[in-house]
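Each chain is listed here by its residues.
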Amino acid sequence: MLRKKECVAMLLAGGQGSRLYALTTHIAKPAVAFGAKYRIIDFPLSNCINSGIDTVGVLTQYEPLELNEYIGNGQPWDLDRAFGGVHILSPYQAKKKQSWFEGTANAIFQNMHFMKKYNPDYILILSGDHIYKMDYSEMLRAHKASGADCTIAAIEVPLKEASRFGVLNTNPDGSIYEFEEKPKVPKSNLASMGIYIFTAEKLFAYLEKDDENPDSTKDFGKDILPAMLAGGEKMMSYRFKGYWKDVGTISSLWESNMDLLGDTPAFDVGNPDWKIHSRNPLAPPEYIGAKAVVENSMVALGCEIDGRVEHSVLASNVVVEEGATVRDSVLMAGTVVKKGAVVEYSIVDENVVISENARVGTPKSADAGIAVLGRGITVAEGAAVAGGSIIDKDYKGE
Amino acid sequence: MASTVGVIFSNIHDENIPELSRHRTMASVPFGGRYRLIDFALSNMVNSGITTVGIVTKNNYQSLIDHLGSGKEWDLARKDGGIILLPPYSDDTDKPYTTRLEALMGITGFLTHRTEDYVVISDCDGIAHMDIADIVRYHEEKGADITMVYHEEREPSESSYFITLEPDRRTGRIKALRINPNDLRKGKKYNLYVNVMVMSRTFLIDTIQNAFTCGFTSFGRDILTKNVDTIKIYGYNFEGYYAGVNSLADYFRHSMELLDRKVRTELFAARDIYTKVRDSAPSRYVDGAKVANSLISDGCCIKGTVENCILFRGVKIGKGSVVRNCVLMQDTVVGENVALDSVITDKNVVIRDRRNLAGCAELPYFISKGRMI
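Just so you know, the sequences run in chain order L and V. Counting from 383, one number per residue, gives the positions in the first sequence under the working numbering. Counting from -16, one number per residue, gives the positions in the second sequence under the working numbering.
A portion of the hints provided could be inaccurate.
To be verified - Simulated restraints on C-beta separations:
1. 248/V - 673/L: 13 to 21 Å
2. 248/V - 750/L: 35 to 43 Å
3. 62/V - 496/L: 21 to 29 Å
4. 62/V - 520/L: 37 to 45 Å
5. 460/L - 196/V: 48 to 56 Å
6. 648/L - 248/V: 50 to 58 Å
Since the hints were made in silico from the structure, they are not lab data. Quick reminder that beta carbons are idealized off the backbone N, C-alpha and C, glycines included.
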């Protein structure tokens, strides 16, 4: 019997995430913590399994160690399968040549044998830097129904922000007549979400052709999509209405975390019908002390809160001692805020110690910047970290 | 640690808390926000290096099977050993077991097929951080036939069946062993057996076979008490925090003890307690929520006031509600403007708006699984 998978997902997770500064010094962007217990990559992986796609290649390149360890055998996402499942695909040495992945299209091209092993009809291309819940099986259905060679998921964005994205110019039936990568003057507000479904044979053909082109930058947005359009292939847009956020910058990462809060959060991770799976911390329930105040916040297992926490997201095993205040901030796992310390409008990475009476960040306002503390550092007693600063070493003050 | 296999009795004290064990084994009684009682016994074994645990079941064990799954959460999904469920064995002529000894006779096959030197037998009604390796080491040092773990208590047990030990102060050898003594007084120290014992595997098999030949039925009465002079029984004094769940009031009291940082540190900080994960989202505290001195599990959404409570996974507290001194199990939904004091809800209970319910510490108000009030 010929064993096959109808659709194989390829997840581009090699990005450095340089605009996340200290948060990606030692880890790839998809491994960055989000929403008190998740990492960014939990969202595309959970979307895959919830959409019935059980074969995922994860392409890694930059600082892959922690990401590889996190994904492991894929069991937390139910992606440990006898045939299929999740596989880490790293750059490798071959008989004829050896090379790093040079651009998104080249990364997929170099792993052609992985995709072909499953004899797929369709290839789903994903990236590991977005927060969203999406049923890819609906998109695949639309792709099949329209008979397209490529379907691109698209979302409406404010026109003034459209120049940050790949912009789709479409006909009334949703077919794409033009694709512009980060145009200075966008013609439409329909942004590509970086999620593509290709009919497998077409993709393989264009990847091979692209590899032979010495002038190509080997990028999906810049090379493959325009080439397919020029080649007269049928390209469709697929409208997505729902929460979607690129968390590639400090401010968007902060905003997206805050979108989890409130009476009816802008982004609800708690819906049992579309669970976001992750590797769970081994920790007892969080303890909220007798004098603690916790308002409008998300708090993960293992936290010990005796101080004040307002409008913040606290990951597992965070400690906020009595007399300490955390406001408008994201604290990642294992961070300790000692007595009398104040943390405001900040993102603090894992296992940071903020010593007694230290101050991190400034009150949130339109012109204040977000303070960022890299993992494992200590802010000394009484030291003050200015708003908007990025600190990745132990800090004793100016 | 010398090679040791674990045996856990999942049903043995079910009758002590019928409210919680009507639809489940003692082993799968929820405790501490996100655990089941068996997690403590199982984690103690795993953390001591045990990789094979036989779990003796009798009835109502669907929830236990669901909880344990393949055993991977405890790192017990193994090629050799791991978690092995041992449902009652009976042929045409036999009825399922009624005593511990008969249960052991039923698992002789399991015991003879194993190769480990020692067996540690544990029940599920105790919550403690116990170093099994240290107990086995003590057992070897003493050259004991049986080592029984005890804990000094001042309150006589409310349990329907319990054993007190009288060890020799110098050697630790048990001089006398009494079942259900009725002359215990409050305030006087006595040594309560905590239902954990160690013996060599071959000794256990020989004892079971001998008991079968002699027609014995009770491990405590026929084997332990009668042979205290001939069998070398030693007592291991467990000095840490120990919570025995012998009644609903015990359950409630020990749940509340988790709000004490010292108890939490001893149970959870020294090493991990493993349990089934549910991939719940982290808990959300909405504006207007007031939470004090409480343990909150993942998946909760709190809009009201919560004081001195244990909230399990997925509990919802509506606006204007005040919940004090309560243990609310998984997916309990409390509506708006509800007042609860000293209430235990089982899983999936719904309390509708404006209800007002109260019990007291000695007699918590219990609402059974799935009820809507």
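>> Tell me the numbers of any earlier hints that the structure contravenes, in ascending order.
In response: Result: hint 6 breaks, nothing else.
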